[in-house]
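These protein sequence lines are chains A and B, in that order. If you're matching positions, the first sequence starts at 1 in this note's numbering and goes up one per residue. If you're matching positions, the second sequence starts at 1 in this note's numbering and goes up one per residue.
You may find that some hints are simply not true.
It does not matter which identical chain is meant; a pair holds if it fits inside one copy or across any two.
What the hints assert, rightly or not - With a straight-line cut-off of 25 Å between C-alpha atoms, the simulated SDA-like cross-links for lysine to any residue are:
(1) K118 - V271
(2) K118 - L11
(3) K118 - D42
(4) K118 - P323
(5) K118 - P105
(6) K118 - L319
(7) K118 - S40
(8) K118 - T37
(9) K118 - N217
(10) K118 - P249
(11) K118 - S39
(12) K118 - E44
(13) K118 - R275
(14) K118 - L322
(15) K118 - R24
(16) K118 - W324
(17) K118 - H156
(18) K118 - A138
(19) K118 - D159
(20) K118 - R280
(21) K118 - R43
(22) K118 - S38
(23) K118 - R130
(24) K118 - A8
Hints in this document: simulated from the structure, not taken from any laboratory.
Number of protein chains: 2
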Amino acid sequence: MPESAAAAPDLSVPDLAAIREAARRIAPHVHRTPVLTSSSLDREAGARLFFKCENLQKIGAFKARGATSAVFSLPEAIARRGVVTHSSGNHGAAIAYAAGRRAIPAWVVMPNNAPRSKEAQVRRLGATVRLCEPNVAAREAACAEVQRESGASLVHPFDDPRVIAGQGTAALELLEEHPDLDVVIAPVGGGGLLSGTAIAASGVRPGIGIFGAEPANADDAFRSFASGRVEPVGPTLTIADGLRTSLSPRTLAAIRAHVVAIGLASEEAIVTAMRMIWERMKVIVEPSAAVPLACLLEGTVNVPGARVGVILSGGNVDLDALPWRT
Amino acid sequence: MPESAAAAPDLSVPDLAAIREAARRIAPHVHRTPVLTSSSLDREAGARLFFKCENLQKIGAFKARGATSAVFSLPEAIARRGVVTHSSGNHGAAIAYAAGRRAIPAWVVMPNNAPRSKEAQVRRLGATVRLCEPNVAAREAACAEVQRESGASLVHPFDDPRVIAGQGTAALELLEEHPDLDVVIAPVGGGGLLSGTAIAASGVRPGIGIFGAEPANADDAFRSFASGRVEPVGPTLTIADGLRTSLSPRTLAAIRAHVVAIGLASEEAIVTAMRMIWERMKVIVEPSAAVPLACLLEGTVNVPGARVGVILSGGNVDLDALPWRT
Chain A
1 MPESAAAAPD LSVPDLAAIR EAARRIAPHV HRTPVLTSSS LDREAGARLF FKCENLQKIG
61 AFKARGATSA VFSLPEAIAR RGVVTHSSGN HGAAIAYAAG RRAIPAWVVM PNNAPRSKEA
121 QVRRLGATVR LCEPNVAARE AACAEVQRES GASLVHPFDD PRVIAGQGTA ALELLEEHPD
181 LDVVIAPVGG GGLLSGTAIA ASGVRPGIGI FGAEPANADD AFRSFASGRV EPVGPTLTIA
241 DGLRTSLSPR TLAAIRAHVV AIGLASEEAI VTAMRMIWER MKVIVEPSAA VPLACLLEGT
301 VNVPGARVGV ILSGGNVDLD ALPWRT
Chain B
1 MPESAAAAPD LSVPDLAAIR EAARRIAPHV HRTPVLTSSS LDREAGARLF FKCENLQKIG
61 AFKARGATSA VFSLPEAIAR RGVVTHSSGN HGAAIAYAAG RRAIPAWVVM PNNAPRSKEA
121 QVRRLGATVR LCEPNVAARE AACAEVQRES GASLVHPFDD PRVIAGQGTA ALELLEEHPD
181 LDVVIAPVGG GGLLSGTAIA ASGVRPGIGI FGAEPANADD AFRSFASGRV EPVGPTLTIA
241 DGLRTSLSPR TLAAIRAHVV AIGLASEEAI VTAMRMIWER MKVIVEPSAA VPLACLLEGT
301 VNVPGARVGV ILSGGNVDLD ALPWRT
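Just chain A, with the same shape it has in the complex (with noise of 0.2 Å):
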């Protein structure tokens, strides 16, 4: 689109049936996690938590959700042209795996400062790597040359309704297992996850209380929930890596038609609350997906004696560099 065209943004986003199609069209490709409980966690939060554990994922994260739904909408042909997309996270894992279960080419941009590792894994799952200068205009360019070259189909991290209905069916799944709980908690990076758990916990159960779960230290969703603009995310100093994004037009709209509140944690907070994921669940998390404990800790999120629901995003750490290290 022309920069001098003042086109209204997409705003577009999926419905319940929508997400409902998404869980139907992923269900032979994404695991059906468990939903796992701790009584000692319950003492702690002073509520009863429901885990929905996306750490055990495909690819380690809910995005494999996402990004199967996205790549099994493409019709055949389109489709044949392959996929492209930028991250340095989990979401190019999870396009590399969505592309690998349809057999069709994909090509992920990194910038050239990512962990070894997370480049690794994405060439590991049969996607190309296409390496950039670590900022926004490097990484459009590069998406934009592998789509000239290739007819590949952009599938943006969260700014797309085939990813938000994807992500959306945890919060389905979660809600059928237990229909009673009377509060969901879902971290916000770009808002893909959130608002898909939005749409999707208000859709099944009208009244339920829906949060999100932010760093104190990259508080832009919560910023932006409040002037009702995108707020840009800033310099971030936080340990939650998969957190340190803004949201999009989109899924402000969505955030704000639908989430009671979003809390912030801080970086203690996360820390602490990562590490008793671990030694009373006895699962692996990274710290985005304990931001949401982190916060019922502190009190941010205050629901004492509710039944809560929390998406426990992913699981991606690096066991060499674990944040108790000393």
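Dock chain B against chain A, hints included.
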């Protein structure tokens, strides 16, 4: 029993009906743990693996099953006087947990060189800790003293049909969910888990291949399986601290009746398998729980293409002392 008595050892074990009865008895007190799969680990092992996640069990180990089975088997008048056991590991925590569920007193005799964290956990769960010198005579004297003072019932960590019945319920659940397994593998220390697994699995699926898995550096079960006598464990230099125990005549008899073979795993393979489970499955397992996968990777249990149930026995590790820290 006086040393001069030459009575035959008690070899009684539960049958399948007793294991089913234990399953009903413990159901209100333990998790029905999930069964996880990983296509990436399937490729590593050359088989289809179904992991029964007892690391996600109450107190982080299958021991919660045997302990609640035994504690809830006691008649009320006897239960009221409490239970006592000796353990420096998961069984102590399990007895403390089970006694707490039944609101009866519990004493756990621990060697005075046990990790402080284990002692703290047992106390947190409401049991009284009695420290003793780290040898068998001191341990037995301490248990006998508690029994004299309180009338508490001894619940042995593995040499007890009620405990074995409880441990067998994990395999029962696994085969309910995946009735077409070809093989099931469990780690073997004192043999409570392996004998319970063997009786349950051979009962519900005659002809299934049942294997034990043991560290090569603590190969007493392997040697006992061959000789038909309980061989002492000897000096053990294995990271798999849950498996540094000899069998009893009872568990050896049950194992010889049902088990195909006992695989041995090197220390290196145990650490590799442990880290693989953490990284690919995103669940925390202790070294002992990784021994079955280590046997599959090293081929000492060689079942290519089979559908293999693996009991992940526990997940209690010190996150500040991981075996891959350099």
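Quick rundown of the hints versus the structure:
1. K118 - V271: both (22 Å within a copy, 23 Å between copies)
2. K118 - L11: neither (31 Å within a copy, 54 Å between copies)
3. K118 - D42: For K118 and D42, the Cα distance is within 25 Å only across copies (21 Å; inside one copy 34 Å).
4. K118 - P323: both (18 Å within a copy, 23 Å between copies)
5. K118 - P105: within (18 Å within a copy, 51 Å between copies)
6. K118 - L319: both (13 Å within a copy, 24 Å between copies)
7. K118 - S40: between (34 Å within a copy, 16 Å between copies)
8. K118 - T37: Answer is between: at 22 Å across copies they meet the 25 Å cutoff, but 30 Å inside does not.
9. K118 - N217: For K118 and N217, only the intra-copy Cα distance (24 Å) is at most 25 Å; the inter-copy one is 36 Å.
10. K118 - P249: Answer is neither: 28 Å inside a copy and 51 Å across each miss the 25 Å cutoff.
11. K118 - S39: Result: close only across copies, 19 Å inter versus 35 Å intra.
12. K118 - E44: Classified as between: cross-chain Cα gap 20 Å, same-chain 34 Å, threshold 25 Å.
13. K118 - R275: The answer is both: 23 Å in one copy and 17 Å across copies each meet 25 Å.
14. K118 - L322: Classified as both; 16 Å inside a copy, 23 Å across copies.
15. K118 - R24: neither (29 Å within a copy, 46 Å between copies)
16. K118 - W324: both (22 Å within a copy, 20 Å between copies)
17. K118 - H156: within (18 Å within a copy, 48 Å between copies)
18. K118 - A138: within (19 Å within a copy, 53 Å between copies)
19. K118 - D159: within (22 Å within a copy, 48 Å between copies)
20. K118 - R280: Intra 28 Å, inter 14 Å, cutoff 25 Å: inter-copy only.
21. K118 - R43: Between copies, since 20 Å is at most 25 Å while 36 Å is not.
22. K118 - S38: between (31 Å within a copy, 19 Å between copies)
23. K118 - R130: Answer is within; shortest intra-copy Cα gap is 13 Å, inter-copy 49 Å.
24. K118 - A8: neither (36 Å within a copy, 61 Å between copies)
The structure fails to meet hints 2, 10, 15 and 24 from the earlier list, while all remaining hints are met.
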